[in-house]
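**Q** Given next are the chains, with one letter for each unit.
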Amino acid sequence: MSMVYINIFLAFIMSLMGLLMYRSHLMSSLLCLEGMMLSLFIMMAVAILNNHLTLASMTPIILLVFAACEAALGLSLLVMVSNTYGTDYVQNLNLLQC
Amino acid sequence: FTPLMLTAMFILLLPIIMSNTQLYKNSLYPHYVKTTISYAFIISMIPTMMFISSGQEAVISNWHWLSIQTLKLSLSFKMDYFSTIFIPVALFVTWSIMEFSMWYMHSDPYINRFFKYLLMFLITMMILVTANNLFQLFIGWEGVGIMSFLLIGWWYGRADANTAALQAILYNRIGDVGFIMAMAWFLTNSNAWDFQQIFITQHENLNIPLLGLLLAATGKSAQFGLHPWLPSAMEGPTPVSALLHSSTMVVAGVFLLIRFYPLMEQNKTMQTLTLCLGAITTLFTAICALTQNDIKKIVAFSTSSQLGLMIVTIGINQPYLAFLHICTHAFFKAMLFMCSGSIIHSLNDEQDIRKMGGLYKPMPFTTTSLIIGSLALTGMPFLTGFYSKDLIIETANTSYTNAWALLITLIATSLTAAYSTRIMFFVLLGQPRFNTLNLINENNTHLINSIKRLLIGSIFAGYLISYNIPPTTIPQMTMPYYLKLTALAVTIAGFILALELNLAAKNLKFMYPSSLFKFSNLLGYFPIVMHRLPSKMSLTMSQKSASMLLDMIWLENVFPKSISLFQMKMSTTVSNQKGLVKLYFLSFMITLALSLILLNSHE
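For the protein sequence lines, the chains are A and B, in the order given. Quick note: to get my numbering, add 3 to the position in the first sequence (first position is 1). Quick note: to get my numbering, add 726 to the position in the second sequence (first position is 1).
In short, the hints are calculated from the structure, not lab data. Idealized CB from N, CA, C, for every residue including glycine. It cannot be assumed that every hint is accurate.
Looking from chain B toward chain A, a few residues come up when the C-beta cut is under 8 Å (computed) [said to hold, decoys possible]:
{"#": "1", "residue": "1308"}
{"#": "2", "residue": "1311"}
{"#": "3", "residue": "1314"}
Far from chain B, some chain A residues (derived; all Cβ distances over 12 Å) [as the list claims (entries may be wrong)]:
{"#": "4", "residue": "9"}
{"#": "5", "residue": "50"}
{"#": "6", "residue": "68"}
{"#": "7", "residue": "90"}
Quick list of the computed label-pair ranges, beta carbon to beta carbon [said to hold, decoys possible]:
{"#": "8", "chain 1": "B", "residue 1": "1265", "chain 2": "A", "residue 2": "68", "range": "47 to 55 Å"}
{"#": "9", "chain 1": "A", "residue 1": "53", "chain 2": "B", "residue 2": "1315", "range": "26 to 34 Å"}
{"#": "10", "chain 1": "B", "residue 1": "1306", "chain 2": "A", "residue 2": "68", "range": "27 to 35 Å"}
{"#": "11", "chain 1": "A", "residue 1": "86", "chain 2": "B", "residue 2": "900", "range": "51 to 59 Å"}
{"#": "12", "chain 1": "A", "residue 1": "49", "chain 2": "B", "residue 2": "1279", "range": "48 to 56 Å"}
{"#": "13", "chain 1": "A", "residue 1": "86", "chain 2": "B", "residue 2": "899", "range": "55 to 63 Å"}
{"#": "14", "chain 1": "A", "residue 1": "68", "chain 2": "B", "residue 2": "1299", "range": "30 to 38 Å"}
{"#": "15", "chain 1": "A", "residue 1": "10", "chain 2": "B", "residue 2": "1296", "range": "39 to 47 Å"}
Required output: the full structure, derived from the provided sequences and hints.
**A** What follows is the structure, encoded as structure tokens:
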């Protein structure tokens, strides 16, 4: 593969690492989720434009829409947790009560 | 003829107009009002005599008031059989009542205003009686309603009086709805509010306006269903009760139905309805009167019962007899109220008959008039009540009518005798049960004169009126002897039964009231139920349907809240995880890395 793809793929792997390994704040994993979405978007747009796959030109926009929805969901979950505990420390999530 | 009548009515207006002048502040104002009414009475006797001798009726229609598109309204007075005879009777009774209230309301600081209100009431009653079109009648109708409100709530500091006045207005209003419905029907179907035009044109189905008029009479004359305001109206001073709620205002409803007798003659349905309504009223109120303890309330229920009898008379298609009963009833009922007023005042405002007794010796004149009034009420032969009441019962017995209603009326007649005996027994006989320091004095000339006038009226007026009026409907002359004696027999039975029961139970211990007693004493539970239940139910239902049904249930609860509740319950039921999120993520990552490394060996 060309260098561009490897670069963007590396950025994706970094965000994935950040999503799976974090210390205490739930917010940081949400941010890394956004980073993943961003890198996927860039990769998709570059690949389509380079290979002139005009039929698939709308897929990045659709990806963005779904990313927005899931960001909203993630934030609302964060707000719910924060409502109960005051912070978003991940240690608090051992009691499964809303 | 006609100028005299108008003069008589104009004289009545004078004291009201003068009320803004110096004369009003004078302490002689009541005396002035009383003499005005006596002059008006004497003047109005002249057209009455002319009417009796010649039988000529008149309609005075002088001032064209307004024309609403095709309806022409003018100020027209109808001097026919009914109004010409009613006006002197009403003026006579009012004259006596004014004189009585000069004694009764002597210590009241607003006595001038009281007389002004009574005079305004009289004027509106005259307007009602002499109206030739429905609009003028409506003016008089509303006028008597308003004056009744002002006079019942005369002692406005008392919460009960205010409640009673409001109750009177509300019940009258419900009747007014019927009146307006009849007016609207007449306006749309015959384009006239004049009686002459209504009676001449032939209508095909008169049920709706007659129903409206019956509803109006139910409201104004306190028939069953709209009756609780009449006993509550006894919160007003006794002259008010004597004038309004015995002789004049409550007969306005009956008068309305009498005015429309050409329309009611053909309609059998309406006659049956009025008959049954009157029968129910007279029996129910007579039952309620049996166990009341307040002397004014007993007389009020007696009024209500007699009103039911009048409605029954209309129901058997005898409007002239009903009118005769109105005129004769005015005399003895006003006198009964005045006697009770004299008793109440002498006993220092004691109205409970359980606390009166033995007034036979200290108040001979009042005793006499009370006994004669009660006898006239029950229809003792050859007193006043006989000429109307006995005729009514005879006609009802011999007419082709509803047998149940007839039976009810007979039972109510015997109950009339029963509660009259009860009044007389408790008030007059036996040993005194009141405080011993009361000064019982009936020596005032105003009191004696007024009651004396009504006493002579109660004895002779029946005879005089019956033999001097123009002949109208022919009473039934021949009937079996047992039918003719029915009224007398049931009355005597009622008297004897009540007397025996009262004497037997005089010294016994007061036992706990049976349910029948409670039914009778609490007015058949009617006011208690009907004042609270329908209003609370309709308010609750409207609140529930307006706010709860649409907004809160559908929009708020069904979709959003139920979904969230469901999800929460499900998630807590199904999941059994602990919250060790970091470990989960770490294991995920290690698995991913390991798989990528291990599966890279394809190269």
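**Q** Now, for every hint given, state plainly whether the structure supports it.
**A** Here's how the hints hold up against the structure:
{"no.": "1", "hint": "1308", "verdict": "holds (6 Å)"}
{"no.": "2", "hint": "1311", "verdict": "holds (4 Å)"}
{"no.": "3", "hint": "1314", "verdict": "holds (6 Å)"}
{"no.": "4", "hint": "9", "verdict": "holds (15 Å)"}
{"no.": "5", "hint": "50", "verdict": "holds (21 Å)"}
{"no.": "6", "hint": "68", "verdict": "holds (23 Å)"}
{"no.": "7", "hint": "90", "verdict": "holds (14 Å)"}
{"no.": "8", "hint": "B/1265 <-> A/68: 47 to 55 Å", "verdict": "holds (51 Å)"}
{"no.": "9", "hint": "A/53 <-> B/1315: 26 to 34 Å", "verdict": "holds (31 Å)"}
{"no.": "10", "hint": "B/1306 <-> A/68: 27 to 35 Å", "verdict": "holds (33 Å)"}
{"no.": "11", "hint": "A/86 <-> B/900: 51 to 59 Å", "verdict": "holds (57 Å)"}
{"no.": "12", "hint": "A/49 <-> B/1279: 48 to 56 Å", "verdict": "holds (54 Å)"}
{"no.": "13", "hint": "A/86 <-> B/899: 55 to 63 Å", "verdict": "holds (57 Å)"}
{"no.": "14", "hint": "A/68 <-> B/1299: 30 to 38 Å", "verdict": "holds (33 Å)"}
{"no.": "15", "hint": "A/10 <-> B/1296: 39 to 47 Å", "verdict": "holds (44 Å)"}
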